[in-house]
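A.B. asks: Here is how the chains run, residue by residue.
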Amino acid sequence: MITHHPSDFTLARLAAGTLGAGPQLVVATHLSGCPRCRRGLRSFWAVGGAMLDEAAPTRLSPDAFAQALRRLDETDPPAEPAARVLHPDLPPPLNAYEIGRWRFVPPGFRWRRLTLPESPDANVIMLKIAAGQPVPHHGHSGTEYTQVLTGSFTDSLGRYRAGDCIEMDEEVNHQPVVDQDGECVCLAAVEGRLRLSGWIGRLIQPLIGI
Amino acid sequence: MSAPAPSADDMKQWLKAVAEHEDRGAFGRLFQYFAPRIASFMERGGLNAAEAEEISQETMVVVWRKAALYDPAQAGVSTWVFTIARNLRVDLARKASRTSAGVAAMRELPMRLEASVEDMALASERDARVRSAMATLSPEQATVLRLSFFAEKPHAEIAKELSLPLGTVKSRTRLAMAKIRAILERDQ
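Same order as they appear, the protein sequences are chains A and B.
Reminder that position 156 of the first sequence reads as 156 in my numbering, one-by-one numbering, no gaps.
Count along the second sequence from 1, add 1000, and you get the number used in my numbering.
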């Protein structure tokens, strides 16, 4: 059962299109398993529709409609991207992205980087952490979004299981640790640059190269 | 002189006429209503007038092409048009020449996975309910909602508009948004 969700503020920003590409992928992966958050997203889409209705109409160029009609006739519809699943073991939309190979850094810790063609600057990484190991988190660069894919970890605020999404603010300083019953795989992104803190962070930061 | 605002049913009829008969008259009515509003919405979100008009035209071309895909059980026409404009805006910001497979999967998720009959029944009334709920928001809640839609750095701008220290703005924003969502989804 999912007990941790992205904030409503984050869902609103996802609906509005103002959430960064990395966090958007993490939150969308959460949505694929969470009807409650899908309903929230649709509510905020409807807010967007209402805001559109309420927008004061602006003056368009006099031939705007004629131009639009010409475009109906002239342009061929762009090809829709082919639906694809690169990783059948992962949830959508995460399974459509290219993911680099696993890198082993300190014992008990592996990470791999995702490629986002829509936003090459975005930093999204998948982490695999052994039972009992601390989960690295960023420092001082904005809210971090983490989606638990398998396994679980615990911090002072609760236990996070597969399907849970956690937003951690930079001022929150609680050290999550993977539970003893098995390894944990999560997806993590921050808005802006990814900076990992803690001893694992210091170790892998130069290797990730960000 | 402006024409009276079309009803939700008018818009559905026009879209249906476009989908079934490629009716350019109906498309013209949709264009007249939506194009100036999309452009205005986009200018408010930081685009210049030329970019805003480009997005509004492009949105209407997509409305024409995808009219047959519109499902009234899923969303009102305005909400559907909003999502098209929003996606084009995001693509423009990323300078993406085309949508990647991942983004395409992301965009169809909330629609595709909606299965329950209950949700479908609710969808047809959601727009009207959301509209009346928005009218009951406090000025602070309305500011938070507006800036989460339009601001690039929402926390900084919310802090500025509400004269709050940045340290408290995140918790206030979360609280306000949780209340807003409770209002939006009341009676569900």
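Just so you know, not all the hints are guaranteed correct.
Just a few of them, taken from the derived set where beta-carbon distance is under 7 Å, the chain A residues facing chain B [as the list claims (entries may be wrong)]:
| id | residue |
| --- | --- |
| 1 | 17 |
| 2 | 65 |
| 3 | 66 |
| 4 | 84 |
| 5 | 157 |
No wet-lab data here; the hints were simulated from the structure.
All C-beta atoms in this analysis are idealised placements derived from N, C-alpha and C, irrespective of residue type, glycine included.
A.B. asks: Next step is simple, just say for each hint if it's right about the structure.
C.D. replies: Hint check results:
Among the interface hints, the one on residue 17 of chain A holds; its C-beta lies about 4 Å from the nearest C-beta in chain B, closer than the 7 Å criterion. This hint holds: residue 65 of chain A has a C-beta 5 Å from the nearest C-beta of chain B, less than the 7 Å allowed. Here the hint on residue 66 of chain A is broken, as its CB sits about 11 Å from the closest CB of chain B, past 7 Å. For residue 84 of chain A, the interface hint holds, the least distance from its beta-carbon to any beta-carbon of chain B being 5 Å, beneath 7 Å.
The beta carbon of residue 157 of chain A is not positioned within 7 Å of any beta carbon in chain B (closest approach about 14 Å), and the interface hint is therefore violated.
Comparing the model with each numbered hint stated earlier shows that hints 3 and 5 do not hold.
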